[in-house]
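2 protein chains.
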Amino acid sequence: MPTRNARVLFNEVPTGYPEPGKTDKYDDSQTIDLENVPLNGGFLVKILYLSIDPYMRGRMRAPTTKSYSPPFTIGEPLQNNGVGVIIRSENPDIKAGDHVHGFFPFQEYYVTANAKAYRVLPKDQNIPWSVYLGACGMTGKTAYYGWTAYAEAKKGETVFVSTGAGPVGSVVIQLAKKQGLKVIASAGSDEKVEFMKSIGADVAFNYKKESTKEVLEKNGPINIYWDHVGGQTLEAAIDAAAPYARFIECGMISQYNVSAENPPYAPKNLTQIVGKCLNLRGFLVTPLEEKYRDEFYATIPPMVAKGEIKFLEDITEGLEGTGKAIYEVQAGKNHGKSIIRVAAE
Amino acid sequence: MPTRNARVLFNEVPTGYPEPGKTDKYDDSQTIDLENVPLNGGFLVKILYLSIDPYMRGRMRAPTTKSYSPPFTIGEPLQNNGVGVIIRSENPDIKAGDHVHGFFPFQEYYVTANAKAYRVLPKDQNIPWSVYLGACGMTGKTAYYGWTAYAEAKKGETVFVSTGAGPVGSVVIQLAKKQGLKVIASAGSDEKVEFMKSIGADVAFNYKKESTKEVLEKNGPINIYWDHVGGQTLEAAIDAAAPYARFIECGMISQYNVSAENPPYAPKNLTQIVGKCLNLRGFLVTPLEEKYRDEFYATIPPMVAKGEIKFLEDITEGLEGTGKAIYEVQAGKNHGKSIIRVAAE
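One line per chain: the protein sequences are C and X, in this order.
If you count by this note's numbering, then the first sequence holds residues 1 to 345, one letter each, in order.
If you count by this note's numbering, then the second sequence holds residues 1001 to 1345, one letter each, in order.
Only chain C is shown next, with the shape it has when bound in the complex (with noise of 0.2 Å):
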């Protein structure tokens, strides 16, 4: 009996920001029979939740454009860490009713026999399963693994943090108030200042009211950048950055979607990195995956498990949704970690 199996499509380079319907494409043509569809010794799982992440951004590009992640390719689905139920598998690791994480199409039902590529959770943690795209997933695990590998932290020192709201910055801001270092955070609107209040900022502030060059002024210097963001706010850090600072480069939003009305902005005072000596170190997860999962899954999940660790989640009901979630991160509108929860159980 074929059942839909909907899908979202790569449908169109954009410029600037992604346009929800015209970059992407909701699909519901194709179907599947879940109870015939051959798994040739692999397993088929019904995907519950995918994440929306900045870093997709960059996989929306002509292939002729190299970068580190592999361009989405028109007309497929888009595709990133999801989580999933299995509802058949011949893989005899893998039993109907596990639930797996791992890298899925934007599509409800899915059938791989790539067993290396998916983790299965367990189920005794008290963690929804949606958590594990985010505080126990690839945002926790880049705040985590960043900071453990490159932020030398000190008690006493103070970091600055933008996105401080956001899936990865606030990790971030609990890891460091754990050290016991000062914690200046940024946001766009007042909801999200008063959450990094609530999970300890010292100082909190909406960049959208006021100048991060000026709370930096007040408030600095700083040992410790984490930067989301780039542009005029790396310009402000650099400006307020103490000698030696460490300046752990995670992203720079607002360089992903310049156009015309949105143009390019270049920090002007990069003379500084050598006068204070300045450590500007670019990272990306997966390479760290190998040396710090283990340490990651025995520290964090638990962690969320008993509360220590705060978030928000902004779901969005079916994958219908996708292309304006994906657009509302770009631009910053999401509350808290974006996932798109494909389907109930």
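Keep in mind that the hints are not guaranteed to be accurate.
Per the computed footprint, the stretches of chain X lying under chain C, defined by three or more beta-carbons under 8 Å from a beta-carbon of chain C, are [stated by the list, open to error]:
| # | segment |
| --- | --- |
| 1 | 1204-1214 |
| 2 | 1246-1256 |
| 3 | 1272-1278 |
The hints are simulated quantities; they were obtained by calculation from the structure and are not laboratory data.
Positions of the beta carbon are idealized from the N, C-alpha and C atoms, including for glycine.
Starting from the known structure of chain C, arrange chain X on it as the hints suggest.
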């Protein structure tokens, strides 16, 4: 009997490039009594050589602007590393006839009791005294310390060295070649290009005749960039960087003399720091002294004495030429380590 003690004073904070005779002022109004000047437990030095270095531009500023090195004082002599010979001494560790290396004001004679600030140079090393301001001095240390601490060089990798004919760059090229790296090097004249080839650069080019971006596209990607220039050259290096490339940020001379005629240039491609996991490391030589000094003196002067490290010197006769020499270093018109020969012995 009074002897002339001419000085070069800091006269005016420059806008853009320093201007000989305007930014500085040669003053021969003072005298010194070499036989009777009180030493107060210290020593009297006849200054033989003074070094002219790019970083001096940063000290030619208003005292209200903070930076890593103190500003020069209007009406007081410029200061920098030099070599002198002791005429008289009341310090038992420093004898008349000894040659000392350290920080001096720009003048002909100097009395000081601060023995700790000076190093007595060995007499038997077959090294001209001036070289203790270059390959065996601050610029050689800059190359050796920075390369040793931060290059993480591996045989077979590719390094790009800007200002490769200069006193730091030329040592970097030779250290890199000894470690089996491929060296791409740039400079601003064909004569400098020939020198860079003679010391081992695999690809040497005149950036005024060839596009740095195109040369790097053709001969890269690069694993290490030794930056003396910043601006457009840094931007081209970021474009040509391999994943995990190390950027050793030693200087950004293209941005030190900005003015309406020589506007600043801000690299527009910093998002690649994230995507390529680049590491940009600013450094200064002084904070690395303690860690690397002994290793440096054990390694580099013997190599220089044996002719294993080659270098160029650009010697100006007499303190009167200081202003012009300073300008030429900022404008890239010098040909090798710029040194003022204050006096013959």
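Each hint tested on the structure:
1. 1204-1214: Violated, because only 0 residues of the segment 1204-1214 of chain X bring their Cβ atoms closer than 8 Å to Cβ atoms of chain C.
2. 1246-1256: Our answer is that it holds, as 6 residues pass the Cβ test (under 8 Å) against chain C, meeting three.
3. 1272-1278: holds (count 7)
Hint compliance for this structure: hint 1 is the single one not met.
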